[in-house]
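Novice: Input sequences plus hints: build the corresponding full structure.
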Amino acid sequence: MIAVKWLGRPIKLFPGGKVYPGAVGCMFLLFWTVWAATVWAVDEENLSYSVVFTGLEDDQTLLSLLQSVSVAVKRRDHPPSDLFLLRRRAKDDGETFIQALHSRGWFDATVDAAVSGDGEERVITFAVASGQRYRLGPSRLQLPPQPSVFVAPAMESLGLKEGEPAESAVIFAASEKLLLAAREQGFPRARLVDRPFELDRDGHWLHVVLELDPGPLVRLGQVHFSGDAGVDRSFLEKHLSWRPGAIYHPKRLDRIHRSLMGTKLFSSVSVDLDQPAKEGELWPVSVRLLQGKHKSIALGGGYSTDKGINLKGVWENRNVFNRGQRIKARTELGTQAQTIFLSHETPDFFQAEQKLTLSTQLDRSLEDAFDSQSVQIGANVSRPVFSPGGEAGLGLEWRLADVMEKSGGLRSSFTTTAIPMTLKLDRSDDLLDPGQGWRWNAELKPVLALSSSGQPHTRIGNRGSHYFTPWASPRIVLALRAEVDTVVGANHEDLAADERLYAGGGGRGPRFAGLRGKVGGWWVFWMVPGLMNRPFLRCPRGCCLEPGWGGVI
Numbered sequence: 001m002i003a004v005k006w007l008g009r010p011i012k013l014f015p016g017g018k019v020y021p022g023a024v025g026c027m028f029l030l031f032w033t034v035w036a037a038t039v040w041a042v043d044e045e046n047l048s049y050s051v052v053f054t055g056l057e058d059d060q061t062l063l064s065l066l067q068s069v070s071v072a073v074k075r076r077d078h079p080p081s082d083l084f085l086l087r088r089r090a091k092d093d094g095e096t097f098i099q100a101l102h103s104r105g106w107f108d109a110t111v112d113a114a115v116s117g118d119g120e121e122r123v124i125t126f127a128v129a130s131g132q133r134y135r136l137g138p139s140r141l142q143l144p145p146q147p148s149v150f151v152a153p154a155m156e157s158l159g160l161k162e163g164e165p166a167e168s169a170v171i172f173a174a175s176e177k178l179l180l181a182a183r184e185q186g187f188p189r190a191r192l193v194d195r196p197f198e199l200d201r202d203g204h205w206l207h208v209v210l211e212l213d214p215g216p217l218v219r220l221g222q223v224h225f226s227g228d229a230g231v232d233r234s235f236l237e238k239h240l241s242w243r244p245g246a247i248y249h250p251k252r253l254d255r256i257h258r259s260l261m262g263t264k265l266f267s268s269v270s271v272d273l274d275q276p277a278k279e280g281e282l283w284p285v286s287v288r289l290l291q292g293k294h295k296s297i298a299l300g301g302g303y304s305t306d307k308g309i310n311l312k313g314v315w316e317n318r319n320v321f322n323r324g325q326r327i328k329a330r331t332e333l334g335t336q337a338q339t340i341f342l343s344h345e346t347p348d349f350f351q352a353e354q355k356l357t358l359s360t361q362l363d364r365s366l367e368d369a370f371d372s373q374s375v376q377i378g379a380n381v382s383r384p385v386f387s388p389g390g391e392a393g394l395g396l397e398w399r400l401a402d403v404m405e406k407s408g409g410l411r412s413s414f415t416t417t418a419i420p421m422t423l424k425l426d427r428s429d430d431l432l433d434p435g436q437g438w439r440w441n442a443e444l445k446p447v448l449a450l451s452s453s454g455q456p457h458t459r460i461g462n463r464g465s466h467y468f469t470p471w472a473s474p475r476i477v478l479a480l481r482a483e484v485d486t487v488v489g490a491n492h493e494d495l496a497a498d499e500r501l502y503a504g505g506g507g508r509g510p511r512f513a514g515l516r517g518k519v520g521g522w523w524v525f526w527m528v529p530g531l532m533n534r535p536f537l538r539c540p541r542g543c544c545l546e547p548g549w550g551g552v553i
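For the sequence shown, position 532 matches number 532 in this note's numbering, and the numbering has no gaps at all.
The hints are all genuine.
Think about it this way: if two alpha-carbon atoms lie no more than 25 Å apart in a straight line, the pair counts; the simulated DSS-like pairs of lysine-lysine are: (1) Lys307 - Lys406; (2) Lys328 - Lys295; (3) Lys238 - Lys328; (4) Lys293 - Lys264.
Derived Cβ-Cβ restraints for the label pairs, each shown as a range: (5) Gly230 - Tyr303: 39 to 49 Å; (6) Gln142 - Ala442: 47 to 57 Å; (7) Ile377 - Gly230: 28 to 38 Å.
It is worth saying that the hints were derived from the structure and are not from the lab. We treat Cβ as the ideally placed atom computed from N, Cα and C, and that holds for glycine.
Specialist: Laid out in structure tokens, this is it:
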């Protein structure tokens with residue numbers, strides 16, 4: 001049974017399951033009241049207003065800060081429905097302004113919020129008195145009383161310099177630097193117990209106290225792998241960068257992650273510290289591996305009216321003999337060009353992270369300017385440098401080519417030996433999907449002619465990419481690419497036709513939209529699609545440049 005009071009008298013609603021006229025009348029009156037209040041609230045016109053700041057006419061930096069955090073400014077196009085909500089909006093903004101001013105060192109600041117005017121003339125006025133800005137005074141680091149080998153860094157090295165503005169961002173950054181310094185000294189469990197500060201109201205100083213508990217000094221112990229089925233354990237252990245008993249450092253674990261991901265056997269690598277069974281023992285490390293597919297195959301094909309049919313295929317095994325050795329075969333069969341490529345890569349060649357690559361390639365090309373057949377055999381040893389993201393290589397190549405130039409009917413055989421030296425730098429934020437940073441590949445390749453055709457020369461190549469993300473949502477990545485190739489020591493006609501630098505069309509070798517070599521000097525041409533090539537720069541010898549722009553959404 002439900003009962004309410006009406007004019008001081010209790011009314012029973014549906015007693016015993018029966019409907020009474022008094023109960024029905026009470027419910028009807030209640031419904032009418034709620035409906036009328038709702039209609040009145042909906043029909044009331046929203047209160048438009050303007051926002052004015054006073055007291056900050058000479059400080060545009062603070063004015064911009066307060067405007068950026070103000071709800072009243074951001075939601076002027078969505079005004080409240082009554083004066084009470086408008087005043088509440090102004091009051092909430094005032095409290096937010098005080099917090100924002102404190103974060104920049106204005107601890108004596110006051111903000112008075114007032115709503116004035118009537119009709120469409122309503123104005124929210126924020127009267128701001130910032131006062132004098134506080135500065136960082138002498139700060140100190142507080143450690144636990146028990147002795148520790150932790151070496152406390154200087155407060156200035158953390159960014160807490162006496163006399164600088166007392167901004168909260170500086171204090172938080174100093175806290176993070178302190179924790180990083182502790183981790184780099186072997187204390188991965190370091191934590192900030194507290195971050196109190198003391199205000200000197202008379203001198204307008206802020207004294208920061210960082211209370212740090214460094215925790216135990218960690219020495220690394222045995223490494224436990226999981227998810228490594230089908231991969232030789234000794235191969236994985238070569239990627240460890242320490243011996244049991246080494247003091248913890250974040251870079252030691254990061255090197256394992258980068259090294260194992262570099263094998264391209266795993267789609268995910270997780271490296272974590274485990275708690276030791278007893279205090280004082282070495283800390284075990286867990287490496288959790290998620291393997292990708294070791295074998296892959298790709299097929300493709302196409303047809304064009306000028307090149308005819310073109311079929312492509314790739315097969316790769318990334319874990320031959322269960323030690324990360326890789327075999328890759330690639331073929332391209334077309335009406336005018338046929339290529340067969342085979343390579344074998346041996347990781348950890350004599351030492352960790354050093355790899356040996358053996359390759360062979362057979363080519364046949366039927367171009368408008370020449371016909372060529374060639375075979376090339378090469379070996380290359382590479383290892384990381386300027387880590388992370390750097391790699392240097394040294395190799396040896398042997399090439400035999402038979403070329404016939406159609407313009408003069410001249411047929412020549414070229415036998416060359418080359419010593420390619422490469423340097424790769426990757427400073428992008430992601431190996432597979434970069435959004436920021438850059439990449440640069442450079443090659444210096446002295447070439448020795450072993451036949452009567454051709455001349456000794458040196459090829460210099462540079463290829464670079466720069467990535468940047470102007471918008472995060474939707475994510476748009478723009479890439480700027482440039483390529484420059486130069487031949488030194490030989491004229492254009494002394495090179496095999498399939499090894500010359502072309503400005504585009506005619507030859508299948510390296511073609512660059514923008515440059516063409518010339519005996520006794522050359523011109524650099526800049527080409528925009530749809531426009532003519534125009535001379536851009538004059539140089540003494542052969543060179544190539546390929547600018548390019550692209551976008552990914």
